[in-house]
Amino acid sequence: MSIFRRIKNKVTRSQHQQEINAELQSHIEMRIADAVAGGMSHEEARRDALIRFGNQGVVRERVTEADAGMFWDSLVRDLHYAARQLRRTPAFTFTALLTLILAIGANVVTFSVLNALILKPQEDPRSKGLYTIVHQQPHYDNHSYPDYLDFKNKNNTFRDMATYRLQRAGLSVGDSAYSSWYLRASGNYFDMLGVKPALGRVFHATDEHGPNSAPYIVLSDDFWRTRLGENPAIVGTTVRINKHPYTVIGVAAPGFHGTDVFLWLDFWMPIVNSPDDEGSNFLSNRFMHSLFVIGQLAPGVTAKQAELNLNAIAQEMARIDKADEGLSARLVKPGLMGDSLGQPARAFVSAVMLLSLLVLLAACANLASLFAARTSDRSREVAIRLAIGSSRWHVLRQLLSEAVLVSVIGGALGTIFATALLRGLSRWQPFPEFPIRVAVTPDAAVYLAALVLSVGSGLLWGLLPLRQIWKTDFAQVMKTGASGTTVLRRFAIRDLLLGTQIALCTLLVTASFVALRGMQRSLHAPLGFQPEGTFLAVTDLHMGGHNDKSAPAIQKRMIEDALRIPGVAAAGVIDETPMGTGGSSTPVYRPDTTDFRQSNAVLSAKYFSISPGYLEAAGTHLLSGRDFTWHDDAKAPNVAIINATFAHEMFGDKQPLGMTFKGGDGPPYQIVGVVEDGKYESLTEADWPAMFFPLDQAPDSDTTLVVRSQLPAAELMPQLREGLTRIDAELPFVFQSWPDGMALVLFPARVATATLGVMGLFAALLAVTGVFGMAMYSVSKRFKEFGIRVALGAQSLQLMRTALARPVTMLLIGSAVGLILGVVASELLAQIVYQATPRDPLVFAGVAVTMTVLGLLATWLPARRTLRVQPARLLRDE
Amino acid sequence: MARNDLQGSLDLLVLKSLAQLGELHGYGIVLHIQSASDQLVSVEEGSLYPALHRMEMSGWIRSEWKLTDTGRKAKYYSLTKSGRAELEKAEKSFEQLVKGIRAILRYA
Numbered sequence: 004m005s006i007f008r009r010i011k012n013k014v015t016r017s018q019h020q021q022e023i024n025a026e027l028q029s030h031i032e033m034r035i036a037d038a039v040a041g042g043m044s045h046e047e048a049r050r051d052a053l054i055r056f057g058n059q060g061v062v063r064e065r066v067t068e069a070d071a072g073m074f075w076d077s078l079v080r081d082l083h084y085a086a087r088q089l090r091r092t093p094a095f096t097f098t099a100l101l102t103l104i105l106a107i108g109a110n111v112v113t114f115s116v117l118n119a120l121i122l123k124p125q126e127d128p129r130s131k132g133l134y135t136i137v138h139q140q141p142h143y144d145n146h147s148y149p150d151y152l153d154f155k156n157k158n159n160t161f162r163d164m165a166t167y168r169l170q171r172a173g174l175s176v177g178d179s180a181y182s183s184w185y186l187r188a189s190g191n192y193f194d195m196l197g198v199k200p201a202l203g204r205v206f207h208a209t210d211e212h213g214p215n216s217a218p219y220i221v222l223s224d225d226f227w228r229t230r231l232g233e234n235p236a237i238v239g240t241t242v243r244i245n246k247h248p249y250t251v252i253g254v255a256a257p258g259f260h261g262t263d264v265f266l267w268l269d270f271w272m273p274i275v276n277s278p279d280d281e282g283s284n285f286l287s288n289r290f291m292h293s294l295f296v297i298g299q300l301a302p303g304v305t306a307k308q309a310e311l312n313l314n315a316i317a318q319e320m321a322r323i324d325k326a327d328e329g330l331s332a333r334l335v336k337p338g339l340m341g342d343s344l345g346q347p348a349r350a351f352v353s354a355v356m357l358l359s360l361l362v363l364l365a366a367c368a369n370l371a372s373l374f375a376a377r378t379s380d381r382s383r384e385v386a387i388r389l390a391i392g393s394s395r396w397h398v399l400r401q402l403l404s405e406a407v408l409v410s411v412i413g414g415a416l417g418t419i420f421a422t423a424l425l426r427g428l429s430r431w432q433p434f435p436e437f438p439i440r441v442a443v444t445p446d447a448a449v450y451l452a453a454l455v456l457s458v459g460s461g462l463l464w465g466l467l468p469l470r471q472i473w474k475t476d477f478a479q480v481m482k483t484g485a486s487g488t489t490v491l492r493r494f495a496i497r498d499l500l501l502g503t504q505i506a507l508c509t510l511l512v513t514a515s516f517v518a519l520r521g522m523q524r525s526l527h528a529p530l531g532f533q534p535e536g537t538f539l540a541v542t543d544l545h546m547g548g549h550n551d552k553s554a555p556a557i558q559k560r561m562i563e564d565a566l567r568i569p570g571v572a573a574a575g576v577i578d579e580t581p582m583g584t585g586g587s588s589t590p591v592y593r594p595d596t597t598d599f600r601q602s603n604a605v606l607s608a609k610y611f612s613i614s615p616g617y618l619e620a621a622g623t624h625l626l627s628g629r630d631f632t633w634h635d636d637a638k639a640p641n642v643a644i645i646n647a648t649f650a651h652e653m654f655g656d657k658q659p660l661g662m663t664f665k666g667g668d669g670p671p672y673q674i675v676g677v678v679e680d681g682k683y684e685s686l687t688e689a690d691w692p693a694m695f696f697p698l699d700q701a702p703d704s705d706t707t708l709v710v711r712s713q714l715p716a717a718e719l720m721p722q723l724r725e726g727l728t729r730i731d732a733e734l735p736f737v738f739q740s741w742p743d744g745m746a747l748v749l750f751p752a753r754v755a756t757a758t759l760g761v762m763g764l765f766a767a768l769l770a771v772t773g774v775f776g777m778a779m780y781s782v783s784k785r786f787k788e789f790g791i792r793v794a795l796g797a798q799s800l801q802l803m804r805t806a807l808a809r810p811v812t813m814l815l816i817g818s819a820v821g822l823i824l825g826v827v828a829s830e831l832l833a834q835i836v837y838q839a840t841p842r843d844p845l846v847f848a849g850v851a852v853t854m855t856v857l858g859l860l861a862t863w864l865p866a867r868r869t870l871r872v873q874p875a876r877l878l879r880d881e
Numbered sequence: 557m558a559r560n561d562l563q564g565s566l567d568l569l570v571l572k573s574l575a576q577l578g579e580l581h582g583y584g585i586v587l588h589i590q591s592a593s594d595q596l597v598s599v600e601e602g603s604l605y606p607a608l609h610r611m612e613m614s615g616w617i618r619s620e621w622k623l624t625d626t627g628r629k630a631k632y633y634s635l636t637k638s639g640r641a642e643l644e645k646a647e648k649s650f651e652q653l654v655k656g657i658r659a660i661l662r663y664a
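For the protein sequence lines, the chains are A and B, in the order given.
Residues in the first sequence are numbered from 4 upward in steps of one, following my numbering.
Residues in the second sequence are numbered from 557 upward in steps of one, following my numbering.
Calculated from the structure, these hints are not laboratory results.
For each residue, glycine too, the CB sits at the ideal point set by N, CA and C.
Be careful, since some hints might not be right.
Pulled a few chain B residues facing chain A out of the computed Cβ check, cut under 7 Å [what the hints assert, rightly or not]:
{"hint": "1", "residue": "602"}
{"hint": "2", "residue": "605"}
{"hint": "3", "residue": "609"}
{"hint": "4", "residue": "631"}
Going by beta-carbon spacing under 8 Å, a handful of chain A positions derived as facing chain B [what the hints assert, rightly or not]:
{"hint": "5", "residue": "26"}
{"hint": "6", "residue": "29"}
{"hint": "7", "residue": "30"}
{"hint": "8", "residue": "32"}
{"hint": "9", "residue": "33"}
{"hint": "10", "residue": "34"}
{"hint": "11", "residue": "36"}
{"hint": "12", "residue": "38"}
{"hint": "13", "residue": "56"}
{"hint": "14", "residue": "62"}
{"hint": "15", "residue": "69"}
The calculated label-pair distances, taken between Cβ atoms and stated as ranges, are [stated by the list, open to error]:
{"hint": "16", "chain 1": "B", "residue 1": "660", "chain 2": "A", "residue 2": "800", "range": "55 to 63 Å"}
{"hint": "17", "chain 1": "A", "residue 1": "459", "chain 2": "B", "residue 2": "578", "range": "43 to 51 Å"}
{"hint": "18", "chain 1": "B", "residue 1": "620", "chain 2": "A", "residue 2": "462", "range": "31 to 39 Å"}
{"hint": "19", "chain 1": "B", "residue 1": "578", "chain 2": "A", "residue 2": "90", "range": "22 to 30 Å"}
{"hint": "20", "chain 1": "A", "residue 1": "24", "chain 2": "B", "residue 2": "595", "range": "26 to 34 Å"}
{"hint": "21", "chain 1": "A", "residue 1": "37", "chain 2": "B", "residue 2": "661", "range": "33 to 41 Å"}
{"hint": "22", "chain 1": "A", "residue 1": "91", "chain 2": "B", "residue 2": "578", "range": "47 to 55 Å"}
{"hint": "23", "chain 1": "B", "residue 1": "661", "chain 2": "A", "residue 2": "45", "range": "41 to 49 Å"}
{"hint": "24", "chain 1": "A", "residue 1": "97", "chain 2": "B", "residue 2": "578", "range": "53 to 61 Å"}
{"hint": "25", "chain 1": "B", "residue 1": "660", "chain 2": "A", "residue 2": "92", "range": "41 to 49 Å"}
{"hint": "26", "chain 1": "B", "residue 1": "661", "chain 2": "A", "residue 2": "97", "range": "57 to 65 Å"}
Turn these sequences into a full structure, and let the hints guide you.
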């Protein structure tokens, strides 16, 4: 009988009652008719039929009960019973609830992030068939503008293709100035994504007529609301961006903040326009790979077909222009700024999801063994109920309702707790300098997942111990009490559960140790500079309306000003700091090269522009040669300082000082110094060649003033700010200590470590409660036996061995298995957390010590109870 | 040991009647059991209808409102596939019960 029929019975009760009445009535009438046909009078026949039928009301009642009572009524009854049972054992209920709140809460948080990061962007109708086009080489996400145009115009697999680049500028609206992040996007950007304006209009492909032909911006809804007070009169007004006038033509649709999930921009500008003098050079340069390209597939085209199509175009482009040699294309999911950030982020979140599910699994194993213990304590009650006619299925269902009830309550509380946490996370802006916001709001999918996890885990830990209900001979239990012969076998299941739980917990503890240790080591890894004790003042001189050519003079004044502050040991300027936003690469050629195609390059080196004194301020050691001086200017011959890897890769064992190389067409650079290797983009990177040019010979408006000083930040910053204001009062600066400035680069490792730390802590808690519960139970079950043994002269040590042998054995076996699993799993971790290696004696020792301490903690109370056995009292009690 | 209670016997009788005659209403089942047992067994309506509804909920039988030969509306019951399987089980367990009872009666 279908469940729907039952529900229908319940819902349409009155109609159902009528149907039952009709059925019974037809029975009576048929009997009357037969009796009348047999010669009885109608009156007589009717009396006879009614008497034979008996009490109609009672029959009706019983029929109704048979129909409906089987489902809802019994469900409600089961829940009442379950609630009563749970109230009777508050300790168990409390432990179970706490465990579930933590475990399910952790899962809801992780799932929400997974949902926001991976699942939801795919559901968005706007992103149907939307892909980011990156190169086939990993960590190579950006394209040049001419390449984008070729891809866009020559393909026959995309409905449309758009491009954008992230930029930063000083925005002045009336009297207020903002340091804004914005996108310079191709004209078709909004139309391709189907984004409508909330106010005014958005820009279109038809607005583009060559460089600086479209001085318009479209504000984001978020910026318009939070910064401009939803002022509708803003549309049509002129604002200043890096001191250049721009017209606000509209506000984008609410909620739209670009295609990247965690990036919140202030406005969009047509890509052909630039608020900087040099800002549009890339439009005609095939070598400048600085754009993200997104495309929407034509209907019916698969990603594979499109990829083949684009690669064929790339090969054709390489034949036409040597700048495109080796060009390739690969389609990846949009939303996380290309693949180099997206791929590891997705992998990491999926890995954490797996870990949280493991935590939940461990929690279920924990609850299952507790529940099994509790059930076996109730075996006499269960036996009685079976004896008076309950079916096994009925008893089982009631126990299961208890498990599911606790799980659903725990899951609900866990979800509330997780939602609060997520609300905090959404408000959190991890980097004040960057427009990053982790806006994760739980939606229907999250609540559904929470419900499924709750009910699922309830069924899991409720069902595992129920085998004992099915298998136990209750007649035997009635005779001998709860501690019958079946106890030993039942212990075997619980042992397995405990072992599994401890193995899972050890796995998590190992993983968090590996991550913590990797983090600790990577923080002390040689960076090639000493961030401690240095402060940064970051700006882009474009924001003050200066250009690259005039930059070095201003930068020199900034350095001189900083050096005048008493207590400043050294100061220098670099365009963008390593381990910050800097670190672009360019090919390096031998001095005799004339054909500058990529395949003729010796190596590819990261390049920086630095002032004299930067190396000292940054604490980068000069291995040989000299630092730049202010005489290395535009008129002097080109010079460069290279790092050790550069020297080794280009010159082998030969002395590099005085040697030359080329960076392309133009005069060669002479090497005047060699510095130590360093980290330039991330902690996990391998050693890269790097080179430094003097500011005057490679001017750049990007400016980071590096100041080394023993002064506390509170004392230094105001003086620094005052000096810089004197140079240009309108230039916006971001002041921070260098370690803070590295936050963005260290963010993934920090998040990974924090997450794994929390998971490890959960796991440790679960291990303690698991072992504790098991040991406590095994002691309490055998209390009487211990009493007798003490009376017979057993030593406390012997008793303890008997009581704790099983939990401790399980702890040992489980830990060993977990440690092995942890070592395997940590190979994966090594990709995210730098220097995370499980083959670290400290990790092994750490895990061993932790599990031992946890074991001692968990068995301490049970052991004490064993030692306090007083046989006389015990025996009297029975 | 199979389940051998009174309820089990009533189920058996109803299922068997439906198996023999195909489709019957409640009154028809009462008449059939009476006549087939030479008036030795009579079924109480007070137990029959709850049993019919319970068996329907268990999916052993299905029901349908139809007109009788005399043009009266009545609810007709027939066996389902799982009802047939149930009947086989019930028959076996009943035979065991009879054997068991006979053995007890013969015990001297």
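Hint check:
The interface hint given for residue 602/B holds, since its Cβ lies 5 Å from the closest Cβ of chain A, which is under the 7 Å cut-off. Interface restraint check: residue 605/B against chain A, minimum CB-CB distance 5 Å, threshold 7 Å, status holds. Proximity of residue 609/B to chain A holds as hinted, the smallest CB-CB distance being about 4 Å (cut-off 7 Å). For residue 631/B, the shortest C-beta to C-beta distance to chain A is roughly 5 Å, which falls under 7 Å, so the interface hint holds.
Hint status for residue 26/A: holds, given a least beta-carbon distance of 5 Å to chain B, under 8 Å. Satisfaction of the interface hint for residue 29/A is found here, the shortest Cβ-Cβ separation to chain B being roughly 5 Å, below the 8 Å cut-off. With a least beta-carbon distance of about 5 Å to chain B, the hint placing residue 30/A at the interface is held under the 8 Å criterion. Checking residue 32/A against chain B by beta carbon gives a least distance of about 7 Å; that is within 8 Å, so the hint holds.
The criterion of a C-beta within 8 Å of any C-beta in chain B is met by residue 33/A, whose closest approach is roughly 5 Å, and the hint holds. A distance limit of 8 Å between C-beta atoms decides the matter here; for residue 34/A the minimum to chain B is near 6 Å, and the interface restraint holds. Satisfaction of the interface hint for residue 36/A is found here, the shortest Cβ-Cβ separation to chain B being roughly 7 Å, below the 8 Å cut-off. Below 8 Å, beta-carbon pairs count as interface contacts, and residue 38/A has none with chain B, the closest being about 12 Å; its hint is therefore violated.
With its C-beta approaching chain B no nearer than about 5 Å, residue 56/A sits inside the 8 Å limit, and its interface hint holds. Given the 8 Å rule on beta carbons, the hint for residue 62/A holds: about 5 Å separates it from the nearest Cβ of chain B. Among the interface hints, the one on residue 69/A holds; its C-beta lies about 4 Å from the nearest C-beta in chain B, closer than the 8 Å criterion. At roughly 59 Å, the beta carbons of residue 660/B and residue 800/A sit within the given window of 55 to 63 Å.
The hint said 43 to 51 Å for the Cβ distance between residue 459/A and residue 578/B, and at roughly 45 Å that hint holds. Against the hinted window of 31 to 39 Å, the Cβ-Cβ separation of residue 620/B and residue 462/A comes to about 37 Å, which satisfies the hint. Distance hint check for residue 578/B and residue 90/A: the Cβ-Cβ separation is about 53 Å, which falls outside the suggested range of 22 to 30 Å. About 29 Å separates the C-beta atoms of residue 24/A and residue 595/B, a value consistent with the hinted range of 26 to 34 Å.
Restraint check, residue 37/A to residue 661/B: a C-beta distance of roughly 37 Å satisfies the suggested window 33 to 41 Å. A hinted range of 47 to 55 Å for the beta carbons of residue 91/A and residue 578/B is consistent with their spacing of about 53 Å. Checking the proposed 41 to 49 Å range against residue 661/B and residue 45/A shows it holds: the Cβ atoms sit about 46 Å from each other. For the pair residue 97/A and residue 578/B, the beta carbons lie near 60 Å from each other, so the given range of 53 to 61 Å is met.
Taking 41 to 49 Å as the suggested C-beta distance range, the pair residue 660/B and residue 92/A conforms, at roughly 45 Å. Restraint check, residue 661/B to residue 97/A: a C-beta distance of roughly 59 Å satisfies the suggested window 57 to 65 Å.
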